[in-house]
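Enquirer: Next come the chains, spelled out residue by residue.
2 protein chains.
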Amino acid sequence: MENRPTIENIRVAHQRIRPYIHKTPVLTCNALNEIVGANLFFKCENFQKVGAFKFRGACNTVFSLSNSEASRGVVTHSSGNHAAALALAARKRGISPRIVMPSNAPKVKIEAVKNYGGIITFCEPTLASRESTAAKVIEETGATMIHPFNDYRIIAGQGTAALELIEEIIDLDYILAPVGGGGLLSGTAITAKALKPTIKIIGCEPKNADDAYRSIKAGKIIPPDNPNTIADGLKTSLGNKTFPIIRELVDKIVLVTEEQIITAMRYIFERMKIIVEPSSAVAFAVLLSKKLNVTDKNVGIIISGGNVDFSKFFEGIRCK
Amino acid sequence: MENRPTIENIRVAHQRIRPYIHKTPVLTCNALNEIVGANLFFKCENFQKVGAFKFRGACNTVFSLSNSEASRGVVTHSSGNHAAALALAARKRGISPRIVMPSNAPKVKIEAVKNYGGIITFCEPTLASRESTAAKVIEETGATMIHPFNDYRIIAGQGTAALELIEEIIDLDYILAPVGGGGLLSGTAITAKALKPTIKIIGCEPKNADDAYRSIKAGKIIPPDNPNTIADGLKTSLGNKTFPIIRELVDKIVLVTEEQIITAMRYIFERMKIIVEPSSAVAFAVLLSKKLNVTDKNVGIIISGGNVDFSKFFEGIRCK
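Taken in sequence, the protein lines are chains Z and S.
Under the numbering used here, the residues of the first sequence are numbered 98 to 417, in order.
Under the numbering used here, the residues of the second sequence are numbered 98 to 417, in order.
A couple of the hints might just be wrong.
[To be verified] Covered stretches of chain Z, as calculated for chain S (at least 3 residues, CB under 8 Å):
1. 281 to 295
2. 304 to 315
[Unchecked claim] Label-pair distances were calculated between CB atoms; the ranges are:
3. Z/Glu208 - S/Asn212: 34 to 42 Å
4. Z/Glu236 - S/Gly134: 41 to 49 Å
5. Z/Thr125 - S/Leu224: 36 to 44 Å
6. S/Gly134 - Z/Ala232: 40 to 48 Å
[As the list claims (entries may be wrong)] Stretch by stretch, here's where chain Z covers chain S in the computed footprint (C-beta under 8 Å, at least three residues):
7. 142 to 151
8. 271 to 279
Everything labelled a hint here was simulated from the structure, so no lab data went into it.
This one's a predicted model, so the numbers in the text were calculated from it and none came from an experiment.
In this text, a Cβ means the ideal position worked out from N, Cα and C, and glycines have one as well.
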């Protein structure tokens, strides 16, 4: 895919991935509606396969490959949700998913990738080592590199979450999505602006990783400056494919503090009884922060994922 | 209500409480189906108002009171989910909920009861003090005492969860429910055996609080012997109203270890991305334990509640 995806491309992507993905539910919660003073619609990609929206993009990309490309497998050097998503998508197509991971990656992430059938090659925990190791894998196998967000097939896949959301809730005024590398946000914006141009698209970002906010302000990609946030999925820089889409179609980027992210996550745990990862809580944090006036509006929120490390929590329970 | 509830009473209860309760969803999870080798249907009362099935029974009881009874309010000396449920049910009817709580009750439980409008009277942390304080409240106000489980109106209310489950999933072979005081289990058994006598009803109990198991074996109520389980909702003894129903209609009581309960809770958190309290995990723990052969069967599981204290978890996140 050489051009920015259109809504038609996103519809095709949806048809392509439909046999493999979950159509995730849209949940509502009276208690949270009352707190915010708006009608909130949570598109729950935490219930997606591998526990994150990333499976949509990975699936679309893997099933877009030609047979001859596919036969040589796929490779990535992300160690988060994209790695697990790519591993599972490759397994669904019956091809080899090679995942380059730093040797110091958390055990829980290594296990997840292995569980989904990923073939792991460990590297040093530096970007240089990740890239050279991936290059070596490609040289040896001919595998196709699948970038976690800076790829139009990925962007088209991520846009299918908003497609389902808007088809189910027809009168949305806003859609909020977190922004890291920008795959989810740019896909969401293309879908929403094509289907209903009046929907306002809000990118939600941690103040401690505000590179997208600064990039939009500067009119060019500004890489993150030593980002330190619990929303670890949002530390990445925008890419040259996601940035122009976001600049053109996203109405606003709103920043939230770490405290606001944690409070939002806790509200969602305690009131909705669902598990969301910190990156997902960033969008609800924007609403709690009152930095965006959505009073009485219909607000869609894309809950991006639910992969939380509960090791310490369960150790704590055990100790009682 | 002077006699054991029938399915007709449970249907009437359902009509009575329907305007106030959530019709909770029945969730499925491929990953957990594969692990157990059966088709699991989780009736998610963790999404019920106040985060637990207890709201059904409290609501049925409060709305069963005559106007003159109701005008004098209601009282209980439970400090858990029943207290919150009674407080909210009373607020829905516009009457006073008086809750007797030990002075050393966890702050999170005190806050929950206050949030739902409960009027708290603190007492010493002994059963004698709880009972005498409640008696005093009744003397002063004429409020009606609402027992958390040993009351036919409560039992009928709790039976409505199984009613919704069986109406939605018509071909269940088993229903599993946790057993503490027995309100949920006895209501579930009455409903299921009336609607489909072939459904096997399994009571699920921690080994460390195995009083129901021992009571059934002995043919009389055996009080718990210093129960020590993380499933703190299941420490109570059966009552003289719940015991005969359970003895007659429940097919089996299966015990699980603390380790199995924690493992089950973690599976549900990590695979289903929903929050369940330890008492709820006990039923899934029975399936993981392989102490019950349900291979290829359709198994309903009543997830009783989702009120978990996450204070330490979020403090841990904050410290990073």
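Enquirer: Are the hints correct? Go through all of them and say.
Expert: Checked hints:
1. Remark: the region 281 to 295 of chain Z is not confirmed as covered by chain S, as 0 of its residues place a Cβ nearer than 8 Å to a Cβ of that chain, below the required three.
2. With 0 residues having a beta carbon nearer than 8 Å to a beta carbon of chain S, the region 304 to 315 of chain Z misses the requirement of three or more and the stated coverage is violated.
3. Between Z/Glu208 and S/Asn212 the Cβ separation comes to about 39 Å, which falls inside the hinted range of 34 to 42 Å.
4. Checked against the hint of 41 to 49 Å, the pair Z/Glu236 and S/Gly134 passes, with Cβ atoms roughly 43 Å apart.
5. Distance hint for Z/Thr125 and S/Leu224: a CB-CB separation of about 41 Å, consistent with the stated range 36 to 44 Å.
6. Range check, S/Gly134 to Z/Ala232: about 43 Å between beta-carbon atoms, so the 40 to 48 Å window is met.
7. Given as covered by chain Z, the region 142 to 151 of chain S passes the check, having 3 residues with a CB less than 8 Å from a CB of that chain where 3 are the minimum.
8. Against chain Z, the region 271 to 279 of chain S contributes 0 residues with a C-beta closer than 8 Å to a partner C-beta. That does not satisfy the three-residue criterion, and the hint is violated.
Consistency with the previously given hints fails for numbers 1, 2, 8, ordered from lowest to highest.
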